[in-house]
Amino acid sequence: MQQENMIHGYFGTMLPGYLCMTSYYQHSFNTFYQDILIPPGAHSIAFFLLQQLPINHAACLFYSKPPFDGTCFIGAIANERASDIFPLDNLANQMVKIVIVISPIDESVIDLVQLTSTREQQLKPQVTIAQNLYNYLTAYNKEFIINGEETDVMILPMNVLAMWYYRFMQKFMENPNFYYKTTS
65 MQQENMIHGY FGTMLPGYLC MTSYYQHSFN TFYQDILIPP GAHSIAFFLL
115 QQLPINHAAC LFYSKPPFDG TCFIGAIANE RASDIFPLDN LANQMVKIVI
165 VISPIDESVI DLVQLTSTRE QQLKPQVTIA QNLYNYLTAY NKEFIINGEE
215 TDVMILPMNV LAMWYYRFMQ KFMENPNFYY KTTS
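So for the sequence shown, the numbering used here puts the first residue at 65; every next one is plus one.
Simulated from the structure, these hints should not be mistaken for laboratory data.
One should not assume that every hint holds.
[Said to hold, decoys possible] Each computed DSSO-like pair below joins lysine-lysine, with the alpha-carbon atoms no more than 27 Å apart:
| no. | residue 1 | residue 2 |
| --- | --- | --- |
| 1 | K206 | K129 |
| 2 | K129 | K235 |
| 3 | K206 | K161 |
[Claimed, not checked] Cβ-Cβ distance ranges computed for the label pairs, FRET-style:
| no. | residue 1 | residue 2 | range |
| --- | --- | --- | --- |
| 4 | H107 | D170 | 39 to 47 Å |
| 5 | T202 | Q90 | 43 to 51 Å |
| 6 | L113 | M222 | 47 to 55 Å |
| 7 | E68 | Y200 | 24 to 32 Å |
| 8 | R145 | S87 | 41 to 49 Å |
| 9 | S87 | M222 | 53 to 61 Å |
| 10 | P151 | N211 | 46 to 54 Å |
| 11 | I119 | L225 | 46 to 54 Å |
| 12 | S87 | N120 | 20 to 28 Å |
| 13 | D216 | N154 | 16 to 24 Å |
| 14 | S92 | M222 | 52 to 60 Å |
| 15 | N120 | Q98 | 21 to 29 Å |
| 16 | N154 | I193 | 19 to 27 Å |
Yeah, the Cβ is synthetic: ideal placement off N, Cα and C, and Gly gets one too.
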């Protein structure tokens, strides 16, 4: 079995109740990990670079729960945005493996890192939430003939926004980024 080396000083993470962690085991050329117990009340993790990454690369942060057979994405940083704070989804009081993968920035990583701060990028969460609500409300479309023309009309029950909000919050509690999967 290959012995994994401890590396220091490339990147770091901070959790409430822990000292700053800057040492990780190197699993492969571009993959690093550290086993930690997420403290009670920890709802976020800070992730930051201590050195520049190779050009056009990002550091992607994941976690894995026992039996450690898969990972869940937390967030990504790059030289252009060398630190960020990411939410942790219901992980308090759990032993997890924090995994960091250094990967080239391509289509799959560019949105995760969000290298620019354009107005469009800043509005993306609001627009996708509005799109989610619109998609939900289209279930109430009805076709009517008004003045001899076929017209789509939306007749909404009084509690439709409360129902949408309840459903939205349930999904949000399971995955805070679920609304990015909204299709147009």
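### Query
So does N120 sit 21 to 29 Å from Q98, Cβ to Cβ?
holds (26 Å)
### Task
State, for the Cβ atoms of P151 and N211, whether the hinted interval 46 to 54 Å holds or is violated.
holds (51 Å)
### Task
With respect to the beta-carbon atoms only, verify the hint that T202 and Q90 lie 43 to 51 Å apart.
Distance hint for T202, Q90 holds at roughly 49 Å.
### Query
Is it true that the C-beta distance of R145 to S87 lies inside 41 to 49 Å, as the hint says?
Given a distance of about 23 Å, which is not inside 41 to 49 Å, the answer is violated.
### Task
Given the range 24 to 32 Å, decide if the beta-carbon distance of E68 to Y200 lies inside it.
violated (47 Å)
### Task
For the range 16 to 24 Å, tell me whether the beta carbons of D216 and N154 fit it or not.
Since D216 and N154 have Cβ atoms about 40 Å apart, the given range 16 to 24 Å is violated.
### Message
So if I understand the rule, the pair passes when the alpha-carbon distance is 27 Å or less; does K129 with K235 pass?
### Response
holds (20 Å)
### Task
Could you grab the alpha-carbon distance between K206 and K161 and see if it respects the 27 Å cut-off?
This hinted pair is violated, its Cα atoms lying about 50 Å apart.
### Query
CB of H107 to CB of D170, is that within 39 to 47 Å?
Roughly 30 Å apart at Cβ, these two residues miss the hinted range, so it is violated.
### Query
Do the beta carbons of S87 and N120 sit within 20 to 28 Å of each other?
Taking Cβ atoms as reference, S87 and N120 lie about 26 Å apart, which means the hint holds.
### Query
Are I119 and L225 spaced within 46 to 54 Å by their CB atoms?
holds (47 Å)
### Query
N154 and I193, beta-carbon distance inside 19 to 27 Å?
This hint holds: roughly 21 Å between Cβ atoms.
Consistency with the previously given hints fails for numbers 1, 3, 4, 7, 8 and 13, ordered from lowest to highest.
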